[in-house]
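Enquirer: Residue numbers (the working numbering), protein chains in the order written: chain A, 1008 to 1281; chain B, -13 to 251; chain C, 4 to 354.
Hints are computed from structural coordinates only; laboratory data are not their basis. Certain hints may be false.
Sample of chain A residues lacking proximity to chain B, with all beta carbon distances greater than 10 angstroms (derived) [claimed, not checked]:
#: 1; residue: Leu1016
#: 2; residue: Gly1018
#: 3; residue: Ile1055
#: 4; residue: Gln1069
#: 5; residue: Phe1102
#: 6; residue: Gly1137
#: 7; residue: Pro1139
#: 8; residue: Thr1148
#: 9; residue: Asn1168
#: 10; residue: Ile1178
#: 11; residue: Ala1181
#: 12; residue: Thr1190
#: 13; residue: Phe1192
#: 14; residue: Phe1193
#: 15; residue: Ile1195
#: 16; residue: Leu1262
Pairs of lysine-lysine, PhoX-like flavour, derived with a Cα cap of 20 angstroms [unchecked claim]:
#: 17; chain 1: B; residue 1: Lys31; chain 2: C; residue 2: Lys165
#: 18; chain 1: C; residue 1: Lys208; chain 2: C; residue 2: Lys163
#: 19; chain 1: A; residue 1: Lys1010; chain 2: B; residue 2: Lys75
#: 20; chain 1: C; residue 1: Lys165; chain 2: C; residue 2: Lys208
#: 21; chain 1: C; residue 1: Lys32; chain 2: B; residue 2: Lys110
A virtual CB, placed ideally from N, CA and C, is assigned to each residue, including glycine.
The primary structure of each chain is shown beneath.
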Amino acid sequence: MNKLRRQLLAGPYLVWIIGFILLPVFMILYYALTNSAGDFTLANVLAIAEPIHRKALLLSLQLAFLCTLVCLVLSYPLAMILSTLRKNHQNLIVFIFILPMWMNFMLRILAWKLLLSNNGVINTILGVFGLPSLDILNTPTAVVFCMVYDFLPFMILPIYNAMARIGQDVIEAARDLGAGSVTVFFKIILPLSLSGVISGIIMVFVPALTSFAISDLLGGGKVLLIGNVIEQSFMQEYNWNLGSGLSLVLMVFVLVSMALMGSHDPEGGGAGVW
Amino acid sequence: MVKKSAQRIYLGLIFLFLYLPIVVLIVLSFNDSKSRVVWGGFTLKWYQRLFENNAISEAFRTTIFITLISALAATALGTLAALGIHAMKSKKQALMLGATNIPLLNADIVTGLSMMLLFVRFNKLGMSTVLIAHITFNVPYVILNVLPRLKQLNQNTYEAALDLGATPWYAFRKITWPQIRPGVFSGALMAMTMSLDDFSVTYFTKGAGINTLSTMIYTEMRKGIIPEMYALSTILFFIALILLLIMNFGSSRKEKLAKERMEIR
Amino acid sequence: MIKRLLTLAAGTLFAAALCGCGGGSDENKLTVLNYGKYLDPKAIELFEEETGIQVEYEEYITPENMYTKYKAGSIDYDLICTSDYMIEKLIGEGETLQIDFDAIPNRSNLDPTYFDFSKSFDPNNQYTMPYFFGTVGILYDKNKVDEADMHSWDCLWNEKYKGQIIMADSVRDSFMAALKYKGYSLNTTDEAQLLEAQEILIQQKPLVYSYLVDEAQDEMIAENAAFALVYSGEAGYAIEMNDNLAYCVPDEGSNMWIDSWFLPKTCKHKENAEKFLDFLCREEIARMNFEYVYYATPNQALVESLEPELQENTTIFPPKEVLDNCEILKSLDETATAKYNELWKEIKSTD
Chain A
1008 MNKLRRQLLA
1018 GPYLVWIIGF
1028 ILLPVFMILY
1038 YALTNSAGDF
1048 TLANVLAIAE
1058 PIHRKALLLS
1068 LQLAFLCTLV
1078 CLVLSYPLAM
1088 ILSTLRKNHQ
1098 NLIVFIFILP
1108 MWMNFMLRIL
1118 AWKLLLSNNG
1128 VINTILGVFG
1138 LPSLDILNTP
1148 TAVVFCMVYD
1158 FLPFMILPIY
1168 NAMARIGQDV
1178 IEAARDLGAG
1188 SVTVFFKIIL
1198 PLSLSGVISG
1208 IIMVFVPALT
1218 SFAISDLLGG
1228 GKVLLIGNVI
1238 EQSFMQEYNW
1248 NLGSGLSLVL
1258 MVFVLVSMAL
1268 MGSHDPEGGG
1278 AGVW
Chain B
-13 MVKKSAQRIY
-3 LGLIFLFLYL
7 PIVVLIVLSF
17 NDSKSRVVWG
27 GFTLKWYQRL
37 FENNAISEAF
47 RTTIFITLIS
57 ALAATALGTL
67 AALGIHAMKS
77 KKQALMLGAT
87 NIPLLNADIV
97 TGLSMMLLFV
107 RFNKLGMSTV
117 LIAHITFNVP
127 YVILNVLPRL
137 KQLNQNTYEA
147 ALDLGATPWY
157 AFRKITWPQI
167 RPGVFSGALM
177 AMTMSLDDFS
187 VTYFTKGAGI
197 NTLSTMIYTE
207 MRKGIIPEMY
217 ALSTILFFIA
227 LILLLIMNFG
237 SSRKEKLAKE
247 RMEIR
Chain C
4 MIKRLLTLAA
14 GTLFAAALCG
24 CGGGSDENKL
34 TVLNYGKYLD
44 PKAIELFEEE
54 TGIQVEYEEY
64 ITPENMYTKY
74 KAGSIDYDLI
84 CTSDYMIEKL
94 IGEGETLQID
104 FDAIPNRSNL
114 DPTYFDFSKS
124 FDPNNQYTMP
134 YFFGTVGILY
144 DKNKVDEADM
154 HSWDCLWNEK
164 YKGQIIMADS
174 VRDSFMAALK
184 YKGYSLNTTD
194 EAQLLEAQEI
204 LIQQKPLVYS
214 YLVDEAQDEM
224 IAENAAFALV
234 YSGEAGYAIE
244 MNDNLAYCVP
254 DEGSNMWIDS
264 WFLPKTCKHK
274 ENAEKFLDFL
284 CREEIARMNF
294 EYVYYATPNQ
304 ALVESLEPEL
314 QENTTIFPPK
324 EVLDNCEILK
334 SLDETATAKY
344 NELWKEIKST
354 D
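Extracted from the complex, chain A is given alone in its bound form (with noise of 0.2 angstroms):
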């Protein structure tokens, strides 16, 4: 009785669950698999193979990987080094590198693009030092920096997480029974950090996947990503049916992915983080 009554009190939510969060997904279903006149097809859904929309999410994979590599390479080391810091230094120096995390999203995007453009500050920097101006604003590489930077911190914390959590004792274990620094590293630190990592992964892979607001200010109208297509033809081209049907398509991609480095998952990973 008591535990049925208390079953109750997620009765909201379950009207929530209906309304907001089925209800919508629904929606997207149902205009991906009819046409403007509500007829069934499957062509919104097929026209990803079309080879703009081909392009674009292929542009868009490949730039995310490049992304999450950039990412994990950047923060694993990092990450190394934050967790044999002193204790009381620790939470300090972690709080400065989640600071910029808070700062809002799109001052972000513009700090990027005041640096990179033609007269920015680095090449005004380069031009100083007589070096050759460098010219990645509006170019797919300008919008993998500013994805890096954005993301980086959902890369770092949650491998620092992982690797706060190994015992100092159990290393010094290891290194009293005689094993070296490689080895250490490799049977000890790598494997307990690795669910820290995987949530990482998913963390930085599925923004970056999907993002359009980087591409559509510092990619300059050159860099057309799955997420612009999408915005673009919702925003743009009135064919929601079109933009339902590509949204679709990245639901399942990100899903996949999602699967993909969730069943390497010990621990079930991205609530972890914070």
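With chain A fixed as given, assemble chains B and C onto it according to the hints.
Expert: Below, chains B and C alone, put in the same frame as chain A:
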């Protein structure tokens, strides 16, 4: 020793990468020149213009309003839901948690678009649609923070209290609540962070004339860069700095207190 | 007790939902949709103070963007400003309401010439009120280009300026330049001509620094590029901010456009909208907006009161011989629109 300095240099480089863009924004906010690279002397005029700019202050207020209301609502809804879900049998529980995962796993753009499709079909876009959308993607964070706390809770104490004649409300207040409170607070905090930084979902679900800072800066940037944005960045950066400092030292003080208490016992 | 908690939570939720939509759905409101950077925000504040009408002001980037926002039906707009061909399309679809010009006494400030111009898309001058007009041309940095190159659309394909060209991120404007360069009409629906235009636009892609709309002037002021395809008003504003810049309309001819206000069918506050239009026609308000956007204004009263120097500024007020060489964009039918969109998307996605 070499290793130590190599580590220092590495930390320094990442630090530079993270803070160089922010430093540039801060420096430019005091630059008395329209140019983005030439230093034209110190000025506070961009700050003055920022405060005179009604669109920006309006967007700032809207952002705070949406963040607070949606986090509050999501915390209430999510905490209740966690209590309810905790009392469920594993099958029902899995179902509820599966649905909870949808907004977490889905890409922002898809969440935003799907809600837009729903709202447009049945209603008009306005402030309430943005709030509903924010609450929707916030609730899962609350649930996922509260649920583990409930699992750690010893169910017997609660039931013992009931057996001893406590009302469920009293038992909840005295036993359950103190245990789940940290989870509720960290859930609320995460919800606020998510709302504060959201762009995509707001972009697709907002009605006419409603702008959060993110959507406003986006539209402004599509029109060109105005120096007021540098001033805004500087202010937001220092607000974030102060907030995080308070939270950091606040929580470490509390931890110390807790530790002391433990030692006394 | 749990019930009380429940009602409390439900109460919070409802309160949250209410303070959202409770913002007054049928009050003294006016929902306006306009191009970005196209009206001085101070003018809106003055209007609100004077009339007590609360203005909800929303912006869009391209006419296609506006069409979607409006057609989505998710927001009931009362008053919209957009370009000639898009208005023609909306009038054709029966989406416009007649304006009661008797409620707009200040209309007498507007030069009737421009109502005549508007007849190309609003034959009886029933639905629209002109706001600004201008040309499309090239804004260039005198230090970075050879000025002689700028008098032909040829410059857009000149290897000399590789990586320094800003193109318009807008279908019709980009095609306009290519079609005019090839000597075709900017309203062509001939597939061969369109394909030819597409081909040269793809060829041009490696030379382009970026595709922008409203940001272009800002990039030019910051001297990040050599020249940009822009609207005359953007040029006027940019030249004001940076003396190194200049503007010209290529000799092959270009696009002359008029942006006008119209009342869409969703208009719920017609009187307020007309009050707003009347307000915009006032000389001092027209001046505020003119100084904010720097496009040619049809407000005769304002033009006459401007300093002669400004009146003679050919960037802002295009001379007659330039206008005679220009065409107005016409609305395309659905198939042609789809064709343009498809070709444009292909251009944008080519490496």
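Enquirer: Now tell me if each hint is right for this structure.
Expert: Cross-check of the supplied hints:
1. Leu1016: 4 angstroms, violated
2. Gly1018: 7 angstroms, violated
3. Ile1055: 14 angstroms, holds
4. Gln1069: 17 angstroms, holds
5. Phe1102: Violated, since 6 angstroms does not exceed 10 angstroms.
6. Gly1137: Given a closest Cβ separation of 17 angstroms, the condition holds.
7. Pro1139: Per Cβ check, A:Pro1139 is outside 10 angstroms of chain B; nearest 17 angstroms; holds.
8. Thr1148: 15 angstroms, holds
9. Asn1168: 14 angstroms, holds
10. Ile1178: 16 angstroms, holds
11. Ala1181: Answer for A:Ala1181: holds, closest chain B Cβ roughly 18 angstroms.
12. Thr1190: 17 angstroms, holds
13. Phe1192: Given that every Cβ of chain B is farther than 10 angstroms from that of A:Phe1192, nearest at about 13 angstroms, it holds.
14. Phe1193: 18 angstroms, holds
15. Ile1195: 18 angstroms, holds
16. Leu1262: Label violated. Min Cβ-Cβ 7 angstroms, cutoff 10 angstroms.
17. B:Lys31 x C:Lys165: Answer violated: B:Lys31 to C:Lys165 is near 37 angstroms, above 20 angstroms.
18. C:Lys208 x C:Lys163: Status holds; Cα separation ~14 angstroms.
19. A:Lys1010 x B:Lys75: This hinted pair holds, its Cα atoms lying about 10 angstroms apart.
20. C:Lys165 x C:Lys208: 10 angstroms, holds
21. C:Lys32 x B:Lys110: 16 angstroms, holds
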